[in-house]
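Asker: Here's the letter readout for the chains.
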Amino acid sequence: MKRNIFLIIIGIALAFWPLGGYQEGIIILTCINCIAAMGVSILTGFTGIFTLGHAAYMALGAYTTAILTVRYGVHYIPAIIAGGFMAVLIAWLIGIPTLKLTGDYYAIASIGLGEAIRLIIENWQSLTRGSRGFPGIDPYTTRFTAVIIFIMLAIFTFNMLESNIGRELKASRDDIIAASLLGFNTPRTRMKALLISAFYCGISGALLGGYMSFIQPSMFDMMKSTELTAIVVFGGLGSMSGTILGSAAITLIMEYFRDISQYRMLIYGVLLVVIMVFRPEGLMGSRELWDFLKFGGKKNNA
Amino acid sequence: MLELVNIDMAFGGVKALDHMSFKISDGSITGIIGPNGAGKTTIFNVITGVYSPTAGKIFLNGRDITPLKAYQINRLGIARTFQNLRLFTRSSVLENVMTAAQNHYINSYRENFLGSIQPAVKPDPKINYGFFDALLHLGRWRNSERTLKLNSLELLARVGLADRADQAAGTLPYGMQRRLEIARALALSPEILLLDEPAAGMNPEEVFELNNLITGIHKDFKLTILVIEHHMDLIMNICPHVICLNFGEKIAEGSGSEIQNNPEVLAAYLGTGEEEI
Amino acid sequence: MSFTFSTFVQQIINGLSLGSVYALIAVGYSLVYSILLFSNFAHGGFLVVGGYACYYLLTQWGYSVPFSMLGALLASGLTAVVTERLAYKPIRERTPITLYLLIASMGVNIIIENLFVVTVGGRIRALPRSTFPTGVFNLWEGITISSSDVLSLVTAVIFLSLLQLFLSRTRWGLAIRAAACDIKTAGLMGVNVTFLISLVFFVAGVLAAVGGVFLSVRYSLYPQLGNITTKAFVAAVIGGLGSLPGAVAGSLILGLAEMLTAGFISSQMRDLVVYSLLVIMLLISPAGFFGKKISEKI
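Protein chains in written order, with the numbering used here: chain R, 209 to 510; chain L, 196 to 472; chain H, 741 to 1038.
Hints were generated in silico from the structure; no laboratory data involved. Glycine included, each C-beta is placed from N, C-alpha and C at the ideal position. Among the hints, erroneous ones may be present.
[Stated by the list, open to error] Here are the simulated distance ranges between beta carbons:
| id | chain 1 | residue 1 | chain 2 | residue 2 | range |
| --- | --- | --- | --- | --- | --- |
| 1 | R | Gln-333 | H | Val-749 | 44 to 50 angstroms |
| 2 | H | Ile-1020 | R | Gln-333 | 22 to 28 angstroms |
| 3 | H | Gly-861 | R | Phe-422 | 22 to 28 angstroms |
| 4 | L | Asp-213 | H | Asn-932 | 53 to 59 angstroms |
Working from the sequences, and respecting the hints, build out all of it.
Answerer: Here it is in structure tokens:
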């Protein structure tokens, strides 16, 4: 409860603190990235399913929302929600056959699935205008919209993780056989995690479209998918506050180096390697921010 | 009542179980013994649905559970512990028990599409809540979580781990981890409890405590217990009925003293020359 | 009808040629996977290093073709070894979770790619045409095969045979095969595992450089050339990660599938077919055609 009030206060500060246009943009982008990263964190950090294709669900959300608002004049709020559910629908169709794959094999399959979805979007010219991109999206992602949606989803996420579904996901992450012998329908558990994470990514993509006013299939390639998983690992697998902090940190660092753009990707690459080499457990390990406050950082979570 | 009828289990060409048949009556404690590789754990894996048997059938209270999946069998009231501990080591001790306790299912009935009444299970309404209760932390979430927590703490007290509730399960000493597994299995309120080498790695004192714990929970929770064990003292103390396996076949069944004097059993153990009997 | 048949034969030839280049790269993926059980996405970076090394040795410093090739092989091999020592070894020693290695390898790939962007620029370059044979032979009724096709096929066969000889006839080759079965036991039997892993990376890097030079002849040279290796990776998965014959078979299948798609459906569908094949293969048999299946004891 305290945590949710804390999140709401942060939200109000982010939404109403007087800032210039540039800082506003950074806040919007941070919120968008955090939403997608939270989705991947639920799947990768809390259910133990590694994905390298979740940018595709962002693409599905972005294109669904863009097509609904531009072509059919739908209001942006139902369109964003539709974007989330389109990602859920496709994730469900894909998940039925592929979620039985475990370990590295699902990660590899997700590369294929992510690229396949992107290529279908790219080749479906009549609907998506192909690789030239989809321009003219109403800039509906204001700072207010982005922050509200982010804070709402963050509260939902933390609440969910502190309930029966959170324990269910963690059980199937830590030991899927033990989980099934404790009465969990583990294929369904994995599906739940995939659908929730696809929803988050879909919403994130929808907001990204509204922020950029222009979307292109190449924005949602394997690089973007890798970035999402890398952020979750950077924050600490199994730590949602770590995911949010890590996502914000990476977004800010990348923005800071925007002026020397040719070095930006180089720095990103170095960052990935350095994090993996020197702190593979990520910023937070599997602890949450308040675990440090409660137990003075002594809680043993080995 | 649990009944195995002519169970065969083959992995590739290797027969792990060969025409295994036995009955476990309600409320009994049955010991399963046998040399390494005799197929003891395979029996548990077949009963709990980890493997589906190559041939044969398993009945629980007259119902054929052979085609069911592991989680369905579990919900019908069969819980187990593992020879190689399978705790959620990163989660707290309390969370381990709560994870199991939230899966408490109660027997119920369901009307199928033809209108006939079928036995089924449904989630315990006292601890069950939905997705949106979880998202929003509504009142049902609060009440159910409180009940879950109290029930789980009670179980932890029963196995002597109440003061360890907040510790990460992986940091417990070995003997305590074994008892935590028992608490976790009990949290499912099973009718039948399968214990796979619960005394492995314990010192004599701990084995003695375990002895009391098993007989205690057997009485208090009205359980039917199957226990695989190498400690013959434990088996002889708590199991009025013992089944002995060798090479996937049942070679003897009877009371403890009958088994100890059975020439085939002696041959099986002396033949391998590794086990203490 | 005769037109479609000749297209068919033509695309088979093109497919085999492309497949042979994939095979050189895919074998490197599989070799590393067989020892360390992770997909080394830095492989594309090694390939780019080889391409640029060859380019600069030829054009800037004016060395002969064989010498430049040799230099390219060495440069890639050493890059692979250095990458392993600096990035992968510390991770390996700390955690058994291969995902960290996978992400680090993606990081290395990004680093190498952008080092070239920053230092020599993203401009597209071509290896001098005169240094490699460029003739096109007319086989029959408009079916052609270019010298570079022949050359890449022949080179792939030579290098893959050399690899096979190395693995089956030499002491270290046997050690690598033993380590592929069980690296811990190999270590206990007295094999110097650190050296062995470096050797594996060196061999993988060398093969990547051969692929890199051929790809730069076939297409052109640019820092993002390494992204093509994603397809070689797909080929390695289709064949069964960790299996060398599998990697070769998967590469030929993929090369043929790509070229036949390009010839009969549309060249935009090539990549879609590649990734669909990957997913279908994983669904039918996650271990590919030749991979080993692993099961857990309960």
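Asker: None of the hints should be skipped; say for each whether it holds.
Answerer: Now the hints, each set against the structure:
One distance hint, 44 to 50 angstroms for the beta-carbon pair R/Gln-333 and H/Val-749, is violated here, with the actual separation near 31 angstroms. With their beta carbons about 25 angstroms apart, H/Ile-1020 and R/Gln-333 fall inside the hinted range of 22 to 28 angstroms. Checked against the given bound of 22 to 28 angstroms, the beta carbons of H/Gly-861 and R/Phe-422, roughly 27 angstroms apart, stay inside it. A hinted range of 53 to 59 angstroms for the beta carbons of L/Asp-213 and H/Asn-932 is inconsistent with their spacing of about 47 angstroms.
Violated hints, listed in ascending order, are 1 and 4; each of the other numbered hints is respected by the structure.
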